[in-house]
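Trainee: First to last, the sequence lines map onto chains A and B. Residue numbers for the first sequence, in our numbering: 45 to 335. Residue numbers for the second sequence, in our numbering: 10 to 119.
The set of hints was computed from the structure by calculation and includes no laboratory data. You may find that some hints are simply not true.
Unchecked claim - A few chain A residues that face chain B, going by a derived Cβ cut-off under 10 Å, partial list only:
id: 1; residue: His117
id: 2; residue: Leu126
id: 3; residue: Tyr144
id: 4; residue: Arg205
id: 5; residue: Glu224
Just so it is clear, CB atoms sit at the ideal spot from N, CA and C, and this is done for glycine as well.
The residues making up each chain are set out below.
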Amino acid sequence: MAVLKTDAILWYNVGEFGEAGYAVPNWSDDVGSLNPHILNFVNVVGANLFSIMHHQDVDLRTPPSINTLKRIHKLYVRCASLLAGNAIPPGQDNMEVEHYRPAGEVFRVYPCPYFLVRNPFMRKWAELIFIMQTEAMQNTENRKEMEISTAFAGKVGQYIRRVYTNMAIELFGKEKTVAEAAGFVLTSADFDAYDPYAFFTDTELTDTVPRLDRVFTEDRLAYLREGIPVTQLPELGPWPNNLTSWYASQRTDQTITPSGLVTAAAGETPIESGSSNLGKVAIIPPPPGQI
Amino acid sequence: MAQRLEYCEWTIAPSIKIRTQAGGGGIQIEGVPKTLKNEAALELAAAIQEAADFSGGHGPALSPKNNVADLAAMVQTRPRETAPSVETTSDERENVAALGNLVQQTEQSA
Numbered sequence: 045m046a047v048l049k050t051d052a053i054l055w056y057n058v059g060e061f062g063e064a065g066y067a068v069p070n071w072s073d074d075v076g077s078l079n080p081h082i083l084n085f086v087n088v089v090g091a092n093l094f095s096i097m098h099h100q101d102v103d104l105r106t107p108p109s110i111n112t113l114k115r116i117h118k119l120y121v122r123c124a125s126l127l128a129g130n131a132i133p134p135g136q137d138n139m140e141v142e143h144y145r146p147a148g149e150v151f152r153v154y155p156c157p158y159f160l161v162r163n164p165f166m167r168k169w170a171e172l173i174f175i176m177q178t179e180a181m182q183n184t185e186n187r188k189e190m191e192i193s194t195a196f197a198g199k200v201g202q203y204i205r206r207v208y209t210n211m212a213i214e215l216f217g218k219e220k221t222v223a224e225a226a227g228f229v230l231t232s233a234d235f236d237a238y239d240p241y242a243f244f245t246d247t248e249l250t251d252t253v254p255r256l257d258r259v260f261t262e263d264r265l266a267y268l269r270e271g272i273p274v275t276q277l278p279e280l281g282p283w284p285n286n287l288t289s290w291y292a293s294q295r296t297d298q299t300i301t302p303s304g305l306v307t308a309a310a311g312e313t314p315i316e317s318g319s320s321n322l323g324k325v326a327i328i329p330p331p332p333g334q335i
Numbered sequence: 010m011a012q013r014l015e016y017c018e019w020t021i022a023p024s025i026k027i028r029t030q031a032g033g034g035g036i037q038i039e040g041v042p043k044t045l046k047n048e049a050a051l052e053l054a055a056a057i058q059e060a061a062d063f064s065g066g067h068g069p070a071l072s073p074k075n076n077v078a079d080l081a082a083m084v085q086t087r088p089r090e091t092a093p094s095v096e097t098t099s100d101e102r103e104n105v106a107a108l109g110n111l112v113q114q115t116e117q118s119a
């Protein structure tokens, strides 16, 4: 189903997964693609993120384990291969078809924990990867039948690159200039020497026990693991605790009088004392003299 | 009754021991008495055959004295990875560098 009321990461509000804060990227009204590279890229990234975000590290506020970091590293290298390895520069002829026209394919998404994830690193990285998928799914090159351009690779690849540089800087202590160098990758020695306890605060290194009743079995997750075509999803929206919804519920033209009662603005019908608008304050204060 | 104590050692009561190693290395038999009852002789023959099959390379090349290390090596070669390797090939590093350049071009043109 097309998603037109928000551009944010979507809340997969289906049963217990909705209660657990699962999310999917936002395809808006671009439910599919003619571009095999983009379809494959979105699929590979979604499946990998699904695997990473179902690891026990998501429920811990302490720095992620080396296993998760290695998986992020592998995902980054994989994305570089998919993007840079397939992108065609502007000056190079694109492969074109003569007798073939694709029927197109609907995007598959892999709902995974996000909105209630306790680990700040993994939540931040998941956000960037969801955004990367969103940008890929809504990119104009979904119309192209055979190739992706270097412009697409650069635009979409910046998100996974930001994930990697953030990981290298915050968790491996690399300098920003080093981590942002074009060919920078962490080495086996870097991973062997991983020790966040050397520079994280005590607050970041201690945690309470998370709830233990939302550890889904692999059988329970099997349907999600297969990837769900976006056209089979119900109508989805943003996470309910968002600013857009809050301002929409609060914005009003009424003001509060010095006595605390709500009165109508000049020329409007007064509000009953039992009205639900009691106590609401105008987002933009009225000009002086109109209280 | 023949009892296989280790991966490549058999013991037939009371004292016959057969040792071998996969991949060829011969079979060592010790403790065979001068006379054997029929049942024991049959067990011995079966155990020798089994050892010969094993020695002929049907099993992995294991050292009988280092089974713990061998088991650890087998665990690491399981298809399902518990933590992936982070080694990157030169081609992968080139792709990473290329992606970095593309991203920088995008950021500069924005």
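Trainee: Each hint should be assessed against the structure and marked as holding or not.
Mentor: The hints, checked one at a time:
no.: 1; hint: His117; in the structure: 5 Å, holds
no.: 2; hint: Leu126; in the structure: 9 Å, holds
no.: 3; hint: Tyr144; in the structure: 28 Å, violated
no.: 4; hint: Arg205; in the structure: 5 Å, holds
no.: 5; hint: Glu224; in the structure: 8 Å, holds
Checked against the numbered hints above, the structure violates only hint 3.
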